[in-house]
Amino acid sequence: MLSYLTQRLLQIIPTIFFVSIMIFGLQQLLPGDPALIMAGEERDPGVLAEIRAQYRLDEPIPVQYFYWIKGVLSGNLGESMRLKSSVASLVAEKLPVTLQLACMAIVVALGIGIPAGIVSAVKKDTAWDYGANLFALWGLSTPNFWLGILMIFLFSVTLGWLPASGYVRLGENWQASLAATVMPAFVLGNAFAAVLMRHTRSAMLQAMGADYVRTARAKGLEERRVVLKHALRNALTPVITLGALEFGTLLSGAVLTEQIFTIPGFGKLIVDSVFNRDYAVVQGVVLVTSTIYILLNLLADIAYVLVNPRLRG
Amino acid sequence: MKRLALSLALTVAMTASMAGSAAAQSHLRIGLAEDPDVLDPSLARTYVGRIVFASICDKLFDIDEKLAIVPQLALGQETSADGKTVIIKLRPNVKFHDGETFDAAAAKYSLERHLNMKGSFRKPEIAAVDTIDVVDPLTIKLNLKAPFSPLLAQLTDRAGMMVSPKASEAAGDKFGLKPVCAGPYKFVERVQQDRIVVEKFADYWDKDHVFIDKITYLPIVDATVRLANLRSGGLDLIERVLATDIKTVRDNPKLKLIKAVSLGYQGITMNLKNGPKSDTPFGKDARVRRALELAIDRDAINQVVFNGEFVPGNQWVSPQNPYYQQAFPIPKRDVAKANALLKEAGVTGPLSLDLMVPNGAEAKAVAEVIQSMAAEAGFDLKIRVTEFATSLKQAEDGAYQLFLIGWSGRSDPDGNSYSFQTCGSPQNNAGYCDKEVDAAHQEARTKSDPADRKKAYEKVAAKFLTEGSILYLYHPQVLVAHTDKVEGYKQMPDGLVRVVGIKLK
Amino acid sequence: MTAATALSATTPDVTTHEENPWARAWRRLKRRKGAMAGLFVVVLFIALAVFAPLIAPYDPIATSFTQVRKAPSWAHWLGTDEVGRDILSRIIFGARASLSAGLVSVGIALSAGVPLGLLAGYAGGWIDALLSRIVDAMLAVPFLILAIALAAFLGPSLGNAMIAIGVTAAPVFVRLTRGQTLAAKVEDYVEAARAVGNPHWRIALVHVLPNIVPPLLVQASLAIAGAIIAEAALSFLGLGQQPPAPSWGSMLNAAQRFIAQAPWMAFWPGFAIFFAVLSFNLLGDGLRDALDPRHK
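Just so you know, the protein sequences line up as chains A, B and C, in that order. In terms of our numbering, the first sequence is numbered consecutively and its last residue is 313. In terms of our numbering, the second sequence is numbered consecutively and its last residue is 1505. In terms of our numbering, the third sequence is numbered consecutively and its last residue is 2296.
By construction, these hints were calculated from the structure, which means they are not laboratory data. Treat the hints loosely; a few may be bogus.
Partial list, computed: chain C residues near chain A (C-beta under 8 Å) [to be verified]:
(1) A2137
(2) M2138
(3) V2141
(4) I2145
(5) A2152
(6) F2153
(7) A2225
(8) A2266
(9) F2274
(10) V2277
(11) N2281
Keeping only pairs whose Cα atoms sit at most 30 Å apart, straight-line, the calculated BS3-like set for lysine-lysine is [to be verified]:
(12) K1174(B) to K70(A)
(13) K84(A) to K1214(B)
(14) K1141(B) to K1174(B)
(15) K1200(B) to K1108(B)
(16) K2070(C) to K1382(B)
(17) K124(A) to K2030(C)
(18) K84(A) to K1108(B)
(19) K1382(B) to K84(A)
(20) K1256(B) to K2070(C)
(21) K84(A) to K1095(B)
(22) K2070(C) to K1247(B)
(23) K84(A) to K1178(B)
Here chain B is said to cover these stretches of chain C; the calculated rule only asks that three of the stretch's residues, wherever they fall, bring their Cβ under 8 Å from a Cβ of chain B [said to hold, decoys possible]:
(24) 2078-2087
(25) 2228-2242
(26) 2251-2263
All C-beta atoms, glycine included, are put in the ideal place defined by N, C-alpha and C.
Just chain A, with the same shape it has in the complex (with noise of 0.2 Å):
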């Protein structure tokens, strides 16, 4: 276990590394100048000289990388061309925000995928389970961008229910805050209550039919208890394995249910940094955020081993 630990944890290093050059690469090979886009409409050659010079766009790119890592290694992501404001500061402006999306997505999603999921399989092949599986069904299919335009329509424009967009701190007004994140949260969380719905249900099936839940049947336990005692709690363990997977990937930035919401967290930072091509930015965040997902991976196969010990190896 410890020397599969200590291998794991090794591979990280170079994963990391991969991440760095690749963000730093695809961000050069980007076509536009990014003086040339922060000047916008005031272009003149001498100040534009001025801005390469101070932000070292023209030295040679593996310079370039060369004091990126640099500042990384000791502590330091860099600062936003655009904003003057150090990158660290906007990670830690913005994690509270994504950190709050994403934990009420993954509420949303356990909320309707786990018991829809149990369902099916309890009522396996009746009207319950079909209707489980076209729900999981629409739930993957569904664009994103499209389901949060509809719910903007009905639930802003035309009801009037819920603010179309923005946010608001929890700690500032907690209610605004939950109506201003419920609409995006839900079109984050239904793609993935669909994918849990049906992990859930293949878990169960198959804990169903095993010899403990069998055992317990036959000592006559009522079969509400044999569901949600025994079978349930084997069944949980892929699922909610699956379920730090998927945070992981919601930290990295919902990309465009941000924008479509204008909701100020990672995914809208990344995006409009890439259009404004603010590299420290991207780079900074982008690597912030995959070095979360590569550890929440590691935790999740950890755990994923710590339970199935023939996985081990």
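Take the given structure of chain A and dock chains B and C to it, following the hints.
Leaving out everything else, chains B and C in the frame of chain A:
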């Protein structure tokens, strides 16, 4: 879901009304179309940033509804007969947000900061200023390298914004994270891409006309969502309403719409001499370019894409502007004449041209309308929707034949034309160069009498509108909507939201 | 027929051991109503795309400045768009962009991912370690961010969007192929092939590859669904299909401004994406069940 939404909506409504009654503080929430860049007057360059500056940083001068220059932190100015010195009297008893006094030394400091700071975008705007003298504590003298009549207009914008020397010295290039100026509101906090909060400055020089305690600026990119927020009461005022939404606003008794013709324009930049892509009959022969203009029905663009709300135009200033040249009216669409011109120029068969369009739904629709009209005259326009950052670079590199691009506009006509039309200027991505046009522009810069300047621009129009590199299409309307709670809002043609004088019911 | 023996070895309840595994899969697939419905819709969409010029009532790019944003009517069943084009015709022609994006980009992902996965799984050692870390890194960066960056780099066009999606989707196939290859490598028949002196490339292609086709096929059909959404997302951001040619994503992009005045502009393209994706998902689900030896 439905019940949850409903109960949430109720709690939100309740908390909102509670906040309204409990707090005596009046709070104005303004919806912006974009997230502003850094809030440093020397380093800022976005239009939307200027909207926020309007509440935090006062300028030496301002403009009025008729584009006349009026004093703000200055009391008045005197330009010498040779146009080479400008003496500016400053307003007494003005304080910066940090309590420092605004005086001639501070004004000199601010202007020199604009001129010397590394990466300052103001430098080219006031490059004509050679040295600045403090004449007395409330008078400064600008010594110019050469006469430059657009200078005062520059001082009505960011180049005229005064910053607290003490705060600026302390913050260096991070000043924009917490700007300290002399405007009616002082900066409180900013959450990137989410909000900028400012609160009333108690020692503002004109505090009797400031009625609202707190303003929050909220960038909301999607215009439909911005409007939905205004209707639901989540915002009090929004800028850049879509022309196609005007009817929705007018039909709502609780909303008011304010219109003003903007100072900017939308046009097509035609590549004449920038790189190999300009090497076409189109780039070489002005007749072919006129044929394209004759193929386009500007009114139709306005009707189809903007519900007829914008202002068709053919010059760098709108037909309402005092500098519009009436001798050169908007040409009517004439496909037969366009065909004749093409024939004369020896163009046979459809002329295929690459039309670069920055990503955006409205620009795309305009391009599609133009494409369809131009096809009837024998042009085959290939639309290439290009992400904005890439399009700027490709324009610079000459990797385009036609480029649909606008300009947000400046109050002085020089700001809408010089940098685009003179040889080798930064915005002249088409490579247009004509000595007579250059000379006329220089003449307009040295003359200070508007009638004289207009005459100089007439020479520019005569050449540039027939053989030049920009096909001007229309002038957008500044469209601002607010709820009936907002009173006393006045719109200036620069599109900025001036907050002095606004009341909240 | 090594594939058949491999499958039947783990399948206790097969009816006839001699039956071709593909025939059996097809027989199983036919029994699944959902999968057949999905297949039917997929075929329908393909037919729409192929015969678009014959089916569409109007020219999809013909503007009409007097028919701007008109609600659905007898003349225009699904209404008209912001420059007066017929939405039904644009959706029919838009099927070309969406389906080809789905098929081509998954084709790219397969042709890049499968060989690399085979290589990593079969060669092992440092090649495997290197490839696996690169795959991990690509999977750690948000899918859409990678696709946006690639599409912006390549320049906006439908073809480039397909390449961007294909490259971004490739790591999943590398990982899947690698895992399956590792599993197949230790099977007896591969050991046997190696023992009789077959060259490595031959073992990889002839003995390993056929055994990993079923899971790849399943993953591919689901990836097509994902690619259709990704193409719509890129077009929605303006990085895909170029105007005036229609794609469902760019139609949604244009519709966003008019959601209050002309909601039909947003409904129909969204439904088209939904049904296309749904049918590929149904088909993928069916294939998974039909090809999975553990299922009956």
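A quick look at each hint next to the structure:
1. The beta carbon of A2137(C) is positioned within 8 Å of a beta carbon in chain A (closest approach about 4 Å), and the interface hint is therefore held.
2. With a cut of 8 Å, the hint placing M2138(C) at the interface with chain A holds, because the nearest CB-to-CB distance is about 7 Å.
3. With 8 Å as the threshold, the beta carbon of V2141(C) comes within range of chain A, its nearest partner Cβ sitting at about 6 Å, so the hint holds.
4. Given hint, I2145(C) at the interface with chain A, holds; its Cβ is 6 Å from that chain's nearest Cβ, closer than 8 Å.
5. Given hint, A2152(C) at the interface with chain A, holds; its Cβ is 6 Å from that chain's nearest Cβ, closer than 8 Å.
6. Nearest Cβ of chain A to the Cβ of F2153(C): about 5 Å, under the 8 Å cut. The hint holds.
7. With a least beta-carbon distance of about 7 Å to chain A, the hint placing A2225(C) at the interface is held under the 8 Å criterion.
8. Proximity of A2266(C) to chain A holds as hinted, the smallest CB-CB distance being about 6 Å (cut-off 8 Å).
9. The criterion of a C-beta within 8 Å of any C-beta in chain A is met by F2274(C), whose closest approach is roughly 6 Å, and the hint holds.
10. The beta carbon of V2277(C) is positioned within 8 Å of a beta carbon in chain A (closest approach about 4 Å), and the interface hint is therefore held.
11. Because the smallest distance between the Cβ of N2281(C) and any Cβ of chain A comes to about 5 Å, under 8 Å, the interface hint for this residue holds.
12. For the given pair, K1174(B) sits about 22 Å from K70(A) by alpha-carbon distance, which is consistent with the 30 Å threshold.
13. At roughly 25 Å between alpha-carbon atoms, K84(A) and K1214(B) fall within 30 Å of each other, so this suggested pair holds.
14. A C-alpha spacing of about 29 Å is found between K1141(B) and K1174(B), which places the hinted pair at or below 30 Å, so the restraint holds.
15. Of the pairs offered as hints, the one joining K1200(B) and K1108(B) holds, with about 26 Å between alpha carbons and a cut-off of 30 Å not exceeded.
16. For the hint pairing K2070(C) with K1382(B), the CA-to-CA distance comes to about 26 Å; that is within 30 Å, so the pair holds.
17. Between the alpha carbons of K124(A) and K2030(C) the distance comes to roughly 21 Å, so the proposed pair stays at or under 30 Å and holds.
18. Under the criterion of a C-alpha separation no larger than 30 Å, the hint pairing K84(A) with K1108(B) is consistent with the structure, at around 25 Å.
19. Restraint check for K1382(B) and K84(A): the C-alpha separation of about 39 Å exceeds 30 Å, so the hint is violated.
20. Proposed proximity of K1256(B) and K2070(C) is supported: the alpha carbons are some 27 Å apart, at most 30 Å.
21. Taking the CA atoms of K84(A) and K1095(B), the gap is about 26 Å. The hint holds against a cut of 30 Å.
22. About 16 Å separates the Cα atoms of K2070(C) and K1247(B), which keeps this hinted pair within 30 Å; it holds.
23. Our distance criterion of 30 Å between C-alpha atoms is met by K84(A) and K1178(B), whose separation comes to about 11 Å.
24. For a cut-off of 8 Å, the count of residues in the region 2078-2087 of chain C with a CB near a CB of chain B stands at 3, and the three-residue condition holds.
25. Coverage of the region 2228-2242 of chain C by chain B holds in this model, with 4 residues showing a Cβ closer than 8 Å to a Cβ of that chain against a need of three.
26. For the region 2251-2263 of chain C, the stated coverage by chain B is satisfied: 8 residues place a CB nearer than 8 Å to a CB of that chain, which reaches the threshold of 3.
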